[in-house]
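In case you want the letters, here they are:
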Amino acid sequence: MIDYARFVYQWFRGEIVSIPGRVIALIFILGLFLFPLITTQPYILRILIMAGLFSIYAASWDVLGGFTGQVNLGHSLFFGVAAYAAALLNLRLNLPPYLTIPLGSILAVGAGLIVGLPALRVRGFYLSLVTLAFPIILTGVVFIFPGFTGGELGIYGVTSISQSRILDYYVVLLVMLVCLTVMYKFTDAKSKFVRTGLILHAIREDEISARMSGINTTRYKLLAFCVSGFFAGIAGGLYAHFLNIAGPSSLDLFFSFQAILWSIFGGMGTIYGAVVGVFILYPILELSRLQPILEEIRFLIFGLILILTLFFMPEGLSVWVVDKIEIICPRCKIKNVFTRKYCRACRAPISRNMSEEIQKEGDIDDIRL
Amino acid sequence: MKNQEMKWYFIIAVFLAVLMVGIATDVKAAKKIKIGVIGPMKYLVGEHQWMGAQLAAEQINKAGGIAVGSERRMVELVKVDDNNLLSVSDAVSAIERAITVDKVDFLTGGGRSEANLAQQEVMAKYKKIFMNASSGAMQLSMRIAKNYDKYKYWFRVGMFNGKYTGGLIFANVELVAKKIRKDLGIATPNVAIIAEKVMWPDAIIKAAKAQLPKMGMKLVGVWRPSASATDTTSELTAIKNKRAHIIFTIGGGPVDTVWSVQYGELQIPAAMVGLSTDALRSKFWKDSRGNCNYQLVMSYLADLPGKTFYKEYRERFNDDPIFHSLTYDAIYVVKEAIERCGTVESDAVVAELEKTDFQSFRGRIVFHPKDHATPHDLIWGPKYATGFGLQWQDGKLVPVLPRGDAVLGDERWKGINYSTAEYKLPPRMIKYWKSKK
Amino acid sequence: MLSMIIINGITLGGMFALLAMGFSLVFGVARILNMTHTAFYMITCFLIFSGTDYLKLSLLPAAMMAIPVTVVIGMLSYKFIFDRIKEHETAVMIVSLAFAIVLQEIILLIFGGHFRSVPPFASGFIEFGGSRVTYQHFFVVGVVGLVIVGVFLLLSRTRLGNAIKAVAQDREIANLMGIDVSRMCMIVTGISAGLAAMASAILAPIYMSEPLMWLHSLVMVLAVVVLGGLGSVKGSVIAAFILGFAENTVIFLIPEGSFLRGAVSLAAMVVVILARPEGLFGVVFEEERL
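Which chain is which? The protein sequence lines are A, B and C, in order. Quick note on numbering: the numbering used here labels position 217 of the first sequence as 218, and the sequence is numbered without any gaps. Quick note on numbering: the numbering used here labels position 305 of the second sequence as 341, and the sequence is numbered without any gaps. Quick note on numbering: the numbering used here labels position 186 of the third sequence as 208, and the sequence is numbered without any gaps.
In short, the hints are calculated from the structure, not lab data. Possibly wrong hints are sitting among the right ones.
[As the list claims (entries may be wrong)] The calculated lysine-lysine pairs, modelled on DSSO-like cross-linking and capped at a C-alpha distance of 30 Å, are: (1) B:Lys432 / B:Lys391; (2) C:Lys78 / B:Lys347; (3) B:Lys242 / B:Lys254; (4) B:Lys278 / B:Lys467; (5) A:Lys336 / A:Lys193; (6) B:Lys186 / B:Lys218; (7) C:Lys78 / B:Lys432; (8) B:Lys254 / B:Lys470; (9) B:Lys319 / C:Lys78; (10) A:Lys325 / C:Lys101; (11) B:Lys115 / B:Lys161; (12) B:Lys278 / B:Lys450; (13) C:Lys108 / A:Lys325; (14) B:Lys322 / C:Lys78.
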């Protein structure tokens with residue numbers, strides 16, 4: 002027992018406390034869990050709930066966009082399909098939220114297949130623009146069958162996730178953590194349990210080489226499409242149950258763009274970047290409405306924050322910060338705090354300057370290739 | 037040293053004074069009635085919701101506020117930009133913020149129906165009265181009938197619901213048809229419907245398909261551009277080629293401006309009649325460069341002789357009211373209900389609001405009773421709020437309906453006359469159809 | 023019926039063509055998916071509107087003043103924003119989107135969310151095979167024709183055009199040949215902003231202007247550009263007319279479904295792309311060796 006505790010303690014010290022990025026993540030998660038102790042103001046909790054479900058949505062975009070390089074401009078399709086499906090299942094068949102949300106997500110996976118199969122024929126920007134078309138086409142379909150879909154009113158009167166706001170908060174928080182962990186593991190190239198992360202990275206870097214190594218790249222890209230659709234669907238289902246409505250606005254063009262804005266702002270291809278993006282931008286945009294002057298110009302501020310951030314940190318905020326506070330040991334590839342002079346594992350000298358030099362050399366190598 | 041001490045005393049004294057004033061104003065603030073005006077404040081709809089509410093609040097405060105029991109309370113408005121045109125989730129957050137952070141006592145305004153339906157849930161959760169001034173969707177009140185106790189805090193005071201609006205539009209179409217029969221001698225005029233593709237016109241179109249033949253007209257086609265379309269040239273040319281005499285418009289979105297302008301620009305030889313929001317402002321003459329001439333528009337409000345609302349509105353804002361300015365009525369109706377029951381407690385005020393019989397500048401404001409299929413909807417009818425038909429005649433928007441005779445075969449309308457001019461057909465239309473004979 | 027589809031199709035197609043050509047040019051040369059492009063179109067509409075409404079100018083001088091302003095804004099946006107981060111493709115796209123939002127908000131703050139229209143060059147119409155066409159529509163067709171010819175001449179007959187094409191074909195080699203790639207990209211962004219501005223000068227009298235209009239036209243421009251093949255100016259022009267006709271056919275054949283015109287043309291675009299993944303006249307870039 003004590004041995005086990007010691008093991009846990011050592012793991013905690015070695016794997017979390019000594020890596021600043023993970024410390025921040027831990028503080029963030031603990032902070033979210035303890036937040037209702039500070040205030041249970043329903044409006045504040047609403048902002049956090051929305052941020053939570055949008056972070057699932059943004060991260061799910063990142064699974065596809067950041068890891069396979071397939072920039073999906075119509076991500077709201079998955080969100081909207083699941084929101085509509087969850088709402089319809091809830092109202093027509095009286096299913097409770099814990100069934101409608103997964104079922105809705107499975108339908109979103111279906112949508113992912115329908116979009117993904119043909120979309121994989123095209124590449125790069127073409128794929129982005131083909132995916133852009135699907136939610137708009139679906140909006141047209143929604144308006145053709147107003148009796149079934151509710152037309153511009155949407156499907157209203159969907160039951161709430163739970164009866165109290167605090168319970169809603171914890172449900173969304175837990176779902177968010179589970180979803181993010183699964184997505185993180187799914188895309189983690191260093192994971193020892195699942196290979197998908199490594200394969201997706203390989204596909205993004207060089208699809209032909211990946212294929213030559215015997216990887217069925219189409220299958221994996223399709224898998225990424227489905228996983229991305231599934232989690233966007235979970236976010237969509239939660240949205241429908243939290244706002245009690247699923248309407249055509251969940252298929253809006255701008256809504257798709259938002260997922261991209263958040264994840265690029267936070268840092269693409271990281272999963273946690275999307276979370277950072279949502280939890281910074283969404284509350285800023287929402288809380289600025291408390292001040293009448295700020296409210297007038299909040300979208301202007303939003304745009305300027307985006308431009309300036311990407312201007313100075315084109316890879317995104319979280320990537321930039323992690324890069325500043327963590328140094329990867331050039332010899333054993335272990336992460337270290339930026340204050341260390343020697344690697345915590347192999348004692349090799351590490352310093353900011355040195356690793357920058359190494360990077361520069363790397364650049365030169367690239368050019369020679 | 038002594039000076040130093042004095043300084044401290046002085047600072048403490050100032051601090052206490054500020055605190056006292058703060059507490060005092062806080063006490064004073066507690067005596068106000070806070071009304072949240074919720075809508076897309078950066079857009080035309082929101083601007084007018086705010087202006088209408090502002091006018092009412094200023095007038096009420098000038099007259100000494102609202103009498104709640106024995107005390108008089110001032111009205112304080114809170115501007116709530118809910119951005120409902122772009123984001124429904126923003127709209128829902130906004131109403132919750134208004135209720136829980138700004139602590140408003142009542143809400144008015146509204147907008148996009150999808151957002152309204154979602155806002156109703158929050159309203160019901162906190163039991164706040166929402167006087168909707170900006171939506172005609174039947175579903176909003178139909179759900180009150182299904183779950184009265186939950187949604188009873190919602191009233192439709194600005195616009196009529198879809199069914200009544202349809203009736204009012206048919207009344208206007210009937211007026212045009214009568215004139216065509218009389219002036220052009222065409223017994224069964226052809227009608228083309230152009231309606232934006234959202235849901236609420238569906239009911240009107242369905243009714244039109246059934247009603248128009250009965251009213252002695254022939255429907256030649258229905259065109260449904262999207263609400264945000266920026267060009268209707270194709271639709272209008274197609275309508276002209278179908279030999280339509282009447283263009284029946286149903287729109288509340290951006291597209292209705294487009295077809296008004298293009299109607300004049302293309303010199304379509306037909307009479308345009310129906311629902312168009314933008315065409316109701318006096319600025320529209322200039323905005324459309326006079327292209328809206330002879331267009332007949334149904335309206336919930338009108339500049340009637342002897343009524344001061346339009347005059348006051350213009351003096352205060354240098355602009356004409358639109359439908360959404362009826363937040364003005366909403367606030368007066370609430371005021372009256374509060375004064376009758378002597379409290380601002382929601383359930384008591386709802387009970388009083390249901391008994392409302394308020395004389396507004398546009399007629400009697402009475403709501404449907406709770407056992408109606410659409411409870412809490414504003415009633416349209418000869419003895420109630422009548423609605424109007426306004427026609428653009430050379431730069432002026434003049435009331436031409438109701439004009440004292442029966443409407444849609446209903447004799448009760450006889451004698452109810454608000455018109456100040458006779459309805460006219462566009463001269464180009466008379467010329468065109470006379471030459472065709 | 024057919025004549026109406028043709029006339030209205032040409033007008034709508036002309037609008038798409040003007041907008042899509044600039045977009046395509048920037049993509050071909052600077053490799054940027056410039057989401058701000060239709061926002062340039064939007065701001066020019068409002069610049070023209072402020073010229074005609076506040077300064078009481080007629081359309082032509084107002085347009086003459088508005089177009090250069092937009093061109094300068096376009097060039098500055100490249101110089102100070104896009105050029106710096108052009109290595110990060112997605113980041114550039116997002117920055118251009120954010121820039122469009124910024125422009126939209128500025129216009130919203132100044133003009134409010136109202137619908138504005140400006141007077142046409144000449145009002146009136148011509149009866150043409152039973153359908154009515156305003157002078158402004160004819161004017162659109164004429165200007166679009168001239169501009170298309172002009173752009174092709176610019177690309178094929180001038181030194182600048184050769185330089186632009188060189189950069190589009192291979193920027194490294196162009197750089198070695200002594201062409202200032204970055205400057206070329208800036209000029210092309212300016213030209214494309216100018217094309218968008220020209221589109222708004224002739225279309226502002228026909229369509230209503232509002233601060234959110236860029237989002238709707240962006241979708242159509244993207245559809246046109248993809249259908250024609252990214253980076254191919256010729257393809258964009260042809261695709262623009264195809265989609266223009268497609269939309270009008272929908273309106274005339276299924277009047278009750280005219281709200282579907284966008285959805286139908288997008289569906290057509292998707293079908294074509296699935297059959298021909300590089301668009302009708304797509305250029306396959308060297309880096310994309312797949």
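Consistency of the hints with the structure:
{"no.": "1", "hint": "B:Lys432 / B:Lys391", "in the structure": "37 Å, violated"}
{"no.": "2", "hint": "C:Lys78 / B:Lys347", "in the structure": "28 Å, holds"}
{"no.": "3", "hint": "B:Lys242 / B:Lys254", "in the structure": "14 Å, holds"}
{"no.": "4", "hint": "B:Lys278 / B:Lys467", "in the structure": "18 Å, holds"}
{"no.": "5", "hint": "A:Lys336 / A:Lys193", "in the structure": "17 Å, holds"}
{"no.": "6", "hint": "B:Lys186 / B:Lys218", "in the structure": "52 Å, violated"}
{"no.": "7", "hint": "C:Lys78 / B:Lys432", "in the structure": "23 Å, holds"}
{"no.": "8", "hint": "B:Lys254 / B:Lys470", "in the structure": "19 Å, holds"}
{"no.": "9", "hint": "B:Lys319 / C:Lys78", "in the structure": "16 Å, holds"}
{"no.": "10", "hint": "A:Lys325 / C:Lys101", "in the structure": "28 Å, holds"}
{"no.": "11", "hint": "B:Lys115 / B:Lys161", "in the structure": "21 Å, holds"}
{"no.": "12", "hint": "B:Lys278 / B:Lys450", "in the structure": "35 Å, violated"}
{"no.": "13", "hint": "C:Lys108 / A:Lys325", "in the structure": "22 Å, holds"}
{"no.": "14", "hint": "B:Lys322 / C:Lys78", "in the structure": "13 Å, holds"}
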